[in-house]
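What follows is the residue order along each chain.
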Amino acid sequence: MSVLLEAISTMPLKNPNVRLMTTKKNIHTLSESKTSAIAETLTDGLQKGEKAAQAGRALIKSFCTKIRANLKIPLGNPVPYPDSAELLAVLEIGYSNPVLMKEILSQLQIQATNEGGLYDFLSDLYFALGPSGEAQRMLGLIWAGIYSCAGEKEQEKLRGEFLANSSFFSTLHGFPEFLRYVELSPSITAIWLCSIRKRLGSDMASGGLWSGLASLAEFKQSTALGVVRIWTATRPSDETASMAATILGNLRARSPDFVTDYDAALRSHPDEKMRLVYFNSWIIQDSVNPLLDSQYSTLIDQMGRGTPDEQLEAFNFLRCTLINEKRSDESFGYGVRWIQSNLPSEPTDFWRHFTISLSIKSDSRCASLNLPTFRQRIVELLPIKPENRGTWNELEQLLISVLEESKPEFQELLFDLTRKDTTGIVEQFNPHSGFNKLPATLTQVEPGTIVEAAWSSADESVRHLGFVLFQRLGIETLSTEITTQWNDGWVALLIYQMMRESLFDDAIPRFLLALNPRVSLGGSDLRALFVYEACYQMRTLPGVCLESLKKAISSPKRKLLKEAAIKAEKYFEQLRPCYRSAINSMQVAGFPRALRLLSARRGRELAAATEKGSLLMEICSKSYMLYGHEWQTYIGGSLGEVSGMHEFLKSVELPRLPFMDPDGYGKRMRDAKNEMQRIQAFEQRSLQAKEILE
Amino acid sequence: MSPDTITTFLSGYLHSLREVTRDEKTGSKYGFDHIILKLAEAEEWTPLRLAFHRGGRDSAPKPKTEREHGEDFKAISKDGSTLIIFVLKDEPLTYANWIAERFEWDLRRAAAQDLSATEFSSVKSVRVILAYNKDEDANGVESYERTTRSLGTKVGDTAQLTFERWNLTELTNRVRDKLIGSPALLPEKLFKAFSYICWQVEDFTHGSEQWTEVLIPDWREFLASVLKDPISEKEVRMISVALIILNGHGKDEPAWETGWIELIEWAMLALWSAYRRSRNEKVTSAILGMWINVYLHELEIYYERNAALLCTADSLACGFQNEFAEAISSHHAYWHMARLGILAASFEELSDLFHNAGAHAELEAIQKSFQTVLNTWIGMMNANPSCHRPILDCHHLQLFLLWRALSRAGRRKEVTIIIGSIFERLMLRRLGYGGVRLIDQSNSWPLLLEYIATGVEPSESFGKSSYLIQMLLEICVGDLGEDGAALAEVIYRQLVAGKMESGEAIKFKERVELQSWVPPLDWIEKVLDGNIGNTGICITLNPYYGLPEDPDESLVAKICSLVTEMRAHHPMPIVPGMPLGAILLACLVHKSPVPPELWRLRCGEFVSEQVATNRKPKQKMKAAAKRRRST
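First to last, the protein sequences are chains W and D.
Add 40 to the 1-based position in the first sequence for our numbering, that's all there is to it.
Add 2 to the 1-based position in the second sequence for our numbering, that's all there is to it.
Some hints here could point you the wrong way.
[Claimed, not checked] Far from chain W by the CB rule (all over 10 Å, computed), these chain D residues:
#1 Lys-31
#2 Thr-48
#3 Glu-138
#4 Lys-284
#5 Asn-308
#6 Asp-354
#7 Glu-366
#8 Arg-427
#9 Gly-538
#10 Cys-562
[Claimed, not checked] Reference listing, derived: stretches of chain W covered by chain D, where coverage requires no fewer than 3 residues with Cβ under 8 Å from a Cβ of chain D:
#11 523-532
#12 607-619
#13 706-716
[Said to hold, decoys possible] With beta-carbon atoms standing in for the labels, derived distance ranges:
#14 Ile-419/D - Ala-640/W: 47 to 57 Å
#15 Arg-222/D - Arg-636/W: 26 to 36 Å
#16 Ser-287/D - Phe-612/W: 47 to 57 Å
#17 Glu-613/W - Arg-222/D: 20 to 30 Å
#18 Glu-211/D - Tyr-572/W: 41 to 51 Å
#19 Leu-679/W - Glu-462/D: 52 to 62 Å
#20 Arg-410/D - Tyr-572/W: 50 to 60 Å
#21 Thr-517/W - Glu-462/D: 55 to 65 Å
If you're looking for bench data, these hints aren't it; they were derived computationally from the structure.
Cβ coordinates follow ideal geometry from the N, Cα and C atoms, glycine included.
So here's chain W without its partners, still in its complex pose (with noise of 0.2 Å):
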């Protein structure tokens, strides 16, 4: 056996069961004394004759044999494979050694010069490895080892080829180690960056930009601060702007006297734009060193005293910066009071959600430093837009925090963005769209309370959002207590309200049972509103109503239901002989092509409606199958498994009077206004005779 594969069978190798998956612990990692033990081996073999040299190539052979057998394994399903880390200390050792390079880059048989062939390469052995740090690491070795080797004008050709490929994205997460270690100049630099920017475009993906950026400012100083430069020579775009001050941010978190000059000149400088880059560049600064107090406030100030673009990159770089866990009490405290001081009366869309997002991460810290906390100004960046999900997320998460602190806090939180948006925040209620997680937690703490508090507020809107609770929660009792202290007006009025509301399946039956107790106990004027009440609902929710409230009717201490069931079971027997008799069942003329033409916009809207909802409906392709009640695809060459169909249903008792009469159902809903309106302000008098008398 050869000195070199001596040394190498030596070698303590890692665990060969552990899988390499997804997630970095799962990864290898070599220490430095085995890395150099792997270089020794390989450039002495190299140097000691040919056949060292031999040993040095089946070394090789066997990682890239192993890189390619991995690739044919379908996605998802890696093969045990325990020697990334050796291969990635072969592939840095061999990026310094081009001899060593070349034979690399011939075992692992990637076909450079097709078209595209590179890429693809780069992207099924990401794939093939699972995304992580060192398959990043890789890609972007063999990716700058491959750029080195070539010509210029293959290096041109390379740049486009990423640029066009399918692969782009994934071979992106390679882009921080391939700008490591590849000579670029700085115009290239600058060209081809503008490129990849435009190229993403506003997807997510672009996490291998930034991160190359912070790579190039790291170990290409000089490129780096070249490219800013041709960047800034003229007023850049938004794109170029962003970028360069991450360079220049970078650059200045590392080597702050390489960019003095530079930050001088921007930060005098005339144009704005030039200005807001130099500004912006503290953001990343910060991120690597965080900022002193004293250059926090000059920094700060400096922003709060321009432009209003640049007072917005001030609360830009404080909602960046604030939440930085080493940042100073002085700091923070200049930082939250120049916020409170600076929200705009008419906040954007933008102060909105990262002021909410202040609010959960910096409240806590704000009321142990005795700072005004967000929270008291949210209420004030209401109404938010129904198409920003992402601030509605964050409004629901601060709520949960709230709710979690103090559920008397919350209540009026709640009750006073309601009174500020109650569109907004009632629309994030429906079972369908808005907070998914504030419903489930409400349910944890007695959430009746609440909707009692809502019941009792003198704020129609407040009310409003404690009929959507009660629909939402499940809520199916009301404490006597507080019933009790409403008078048989108050009640009334939550009738006439309930008549207003669009509750549906079990909640009207719901609301009938818990209001029940207060009303046995009124006079008869608020009794017989309730029966007719409650028969109206039953004659319009037949199953829903009046088959759940038989049910629950035989108590003695719901007489008045068990009324309001038998006045609408008469009126269903006195129909029953109606159905399809000699009165009615005559046909419409145009009725049939009506029936087809309104179940051909149903289904359009469905479709519609679906496909807005669904992530899934939005990126995936549809199929309308035309015959067979089972399905399978044919992509690549190949079938792929049958799969049965589903079925969907979801069924909801629609109300029939509605529909019935709906010019009925309009009256009902402005006469029950008029009456809560007359309630309310003979309410409203009363309190006001009372203080009087008082």
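Since the structure of chain W is already known, use the hints to place chain D on it.
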């Protein structure tokens, strides 16, 4: 139809027929000879001799010209043992006719049968039947008895000879028992077309596409072919028999009941059109008889039978639980309102007739019927909100009828309440708080339903013009006193001018323009024949009653001014001596607007206007009429 009615109509039909069917220069003349043939076929007798040569396709049978020797029709029983000989006569059996119309001669010849032919070898008896479809008297009958007794009881040596006499009653009974459901009861020429109609009636549902697009056109064509000029009583009677037959074929489903009424309505319209053309008193009297004894009678029975259902809450909307429920229930509601209205208007007319004739018992009965109809109607309106939801502009006819009936009953307050309710709902609809926003001026159910289905307005003009609201305003102002006038002011201000009492503008999507209408001079002919189309003159009233508007002038004054102007320029064409119900039925079926004068003449507020107009110089009236004609 009741058995008595059926018997009466059958008897009338048979009575009207001749002895034999033939084509004459003046048109086809129908005889009862073919009915005798059908009766024989029903008895499974084999015809040996017909009184006619069978006609070809679409042509009438031709009478035989050779001497029949008293045998108008001869048949043999299925087992060959009985020979049956018919002697047919379309004259009354009287002593005078016994000789003059050859009753005796024909009977004797019929009894003298030669049974020597081989086909009669098994004949054991001979039945000679004298069938006549007219009256008889005692002398005529005695002559028959005496003659038949003298003719003995045998033919040849062995065959038994018997005589029978089928008078109109016997004929009617036999036809009712054997042929009542058969299209063959009608003349052979009409058999094919009518058989197809019977088949359709058995198969199609009332209101379906097949019903409206196939059956009704075929039925109308059939009616037109029967009621070709010159019309005699026979044709009118034939329509009644056709209806009797159709009723027996109706599809076995609840919708047939309303379908049956619609078929009668088309028949009545065809008859009323014939009534207008005919100078024959028998014809007009038969049509009037059918109007009362078939149409009004059937309507009354239908509403007696279904009153309880109609007065059940939401009965007209039940069974529909989608976006179309409001429109379908409104369709049903206004269908019934129209028929109840026609019934009430007809009872009202009959009541006046009985009153003038001093027929107290009849008057009392008809007034009771009128009240019953009105109660059913109001009960239906109270139970079904769709009655307060006019959806098509032509629904003004039903509201006109409602006002007319309630006004007659002295229940004007209820009219005010109902119009108030309709206005309130129209406001909510236009504001988008529920239901179809506007009243469809195109009067088309298919377009309206398509609008509901798609949400796309069927035309640019959708709901932007209203004759219905104009009529309500005129009725409020003209007949409902101060309350009505006040309501009219509110309706006009809010629904038309789009302003609240405070002067604040109501945010309607569009403005609705009021319109009035002047019927053409030959309106009655057009409406009866279904050619009303877009005839007459449309009077646009936007901005209301001319520019500039006098802000101090009341709506009442403006409406009175309009009425005066219209009367001055467009005198109402003379309405012929026809029942108002029939005219309104024509308006309903052919979707004609109700001429404004039909309500204005009953509005107290406009009567003085009428008087004033009448006082105007005749020259002016003539000139106005001339202008109309040239227009």
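Fill in: Hint check, failures only
5, 8, 11, 14, 17 and 20
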